[in-house]
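Enquirer: Sequence:
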Amino acid sequence: MQWTDRVGRRLKLRDLHILLAVAKSGTMGKAASELAISQPSVSKAIADVEHAVGLRLLDRGPHGIALTIYGRALLKCGVAVFDELRQGVKELEFLTDPSAGELRIGCNETLAAGFVSAVVDRVSQQYPRVAFHHVPADAATLLNRELRQRTVELGVVAASGLNLEQDVNLEVLFEDRHVVMADADSKWCRRRKLSLADLINEPWVLPPTDSIPGLRIAQTFRAAGLEPPRAQMISFSLPVHYHLLATGRFITMLPLSMLRFGQHLPLKLLPVKTRVNPFPTGIITLKNRTLSPLAQLFINCAREAAKPLAKGR
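Residues are numbered in my numbering as their position in the sequence shown, beginning at 1, plus a constant of 1122.
Don't read these hints as lab results, they were simulated from the structure.
Glycine included, each C-beta is placed from N, C-alpha and C at the ideal position.
A few of these clues could be false.
Distance windows between CB atoms, simulated [to be verified]: (1) Gly1151 / Pro1258: 44 to 54 Å; (2) Lys1198 / Gly1370: 30 to 40 Å; (3) Arg1425 / Thr1263: 17 to 27 Å; (4) Gly1283 / Asp1320: 51 to 61 Å; (5) Pro1415 / Asp1243: 18 to 28 Å; (6) Arg1208 / Arg1371: 47 to 57 Å; (7) Thr1396 / Arg1267: 12 to 22 Å; (8) Pro1330 / Gly1151: 13 to 23 Å; (9) Lys1134 / Pro1361: 43 to 53 Å; (10) Lys1134 / Leu1391: 56 to 66 Å; (11) Arg1344 / Leu1391: 15 to 25 Å.
Straight-line distance between alpha carbons at most 20 Å, and here's what the computed EDC-like set of lysine to aspartate or glutamate pairs gives [claimed, not checked]: (12) Lys1309 / Glu1293; (13) Lys1315 / Glu1268; (14) Lys1395 / Glu1349; (15) Lys1409 / Asp1320.
My request is simple: use the sequences and hints to build the entire structure.
Expert: If you want it as structure tokens, here you go:
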């Protein structure tokens, strides 16, 4: 039987949408409630999809349903299909009204506070009705979960240490590095020259030592012949950093891009010379995913914003 006869004419988007809802909710009853339709309608839609493809997609049990290997394969395709449809609708909306739309961006807190906010500011000045959704996550989570589940359209990440698969595109925008920072009113800001040894016994706010930023910071101290300090506060949270640095006693190490693109932040770069290896920072997207016009506009603005920090500048 031809594909068009077996599947093309029988498989309906509505039925595929119901299958996705059942897989997400775990039971047909919950899916029916979420979709505001009857449970028999859900059962019939699933049966119609299984009949169309000629394969069993769900295993039914007393504790709910589970996808078969065929169901998982179709579900993966279904997610991509509906994502492409959403992107198509977004493109139509953008073409009819370029000033409106929404974009979901994933990045960590430090990039959100600096570079990403600067790019959003540029785009929003040109298109003031555009809405941006920030999904906070580290680079690995963005790559392995958020991007593949289509909860974000693009991610802005520090790319070193990432294992990029063939279906992921990375565009490096600039090289970043960790630098020593303090509150603008800190006593250390009055010094013209400092070394890490001068600050080793001061109270530090640092990320966890087993995280990628924590490992980079540890390498910086060891390159200076020092063991990393025992942080008085271990946290990724920028509000925690700001609050403790505001006391004037604490110091930290954060990416230089935060200061380059976050001039309003109450932080100041300390004159500490360090031997550090810069790390590439850029945008990750899925190669087989059509980008919305708004996403492409964001990427173009990001390229322009990154030029002052681009490699070799």
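Enquirer: So, for every hint listed, does it hold in this structure?
Expert: Hint by hint, here is what the structure shows:
{"no.": "1", "hint": "Gly1151 / Pro1258: 44 to 54 Å", "result": "violated, 33 Å"}
{"no.": "2", "hint": "Lys1198 / Gly1370: 30 to 40 Å", "result": "violated, 53 Å"}
{"no.": "3", "hint": "Arg1425 / Thr1263: 17 to 27 Å", "result": "holds, 25 Å"}
{"no.": "4", "hint": "Gly1283 / Asp1320: 51 to 61 Å", "result": "violated, 30 Å"}
{"no.": "5", "hint": "Pro1415 / Asp1243: 18 to 28 Å", "result": "holds, 19 Å"}
{"no.": "6", "hint": "Arg1208 / Arg1371: 47 to 57 Å", "result": "holds, 49 Å"}
{"no.": "7", "hint": "Thr1396 / Arg1267: 12 to 22 Å", "result": "violated, 33 Å"}
{"no.": "8", "hint": "Pro1330 / Gly1151: 13 to 23 Å", "result": "violated, 42 Å"}
{"no.": "9", "hint": "Lys1134 / Pro1361: 43 to 53 Å", "result": "holds, 48 Å"}
{"no.": "10", "hint": "Lys1134 / Leu1391: 56 to 66 Å", "result": "holds, 59 Å"}
{"no.": "11", "hint": "Arg1344 / Leu1391: 15 to 25 Å", "result": "holds, 22 Å"}
{"no.": "12", "hint": "Lys1309 / Glu1293", "result": "violated, 40 Å"}
{"no.": "13", "hint": "Lys1315 / Glu1268", "result": "violated, 43 Å"}
{"no.": "14", "hint": "Lys1395 / Glu1349", "result": "holds, 16 Å"}
{"no.": "15", "hint": "Lys1409 / Asp1320", "result": "violated, 48 Å"}
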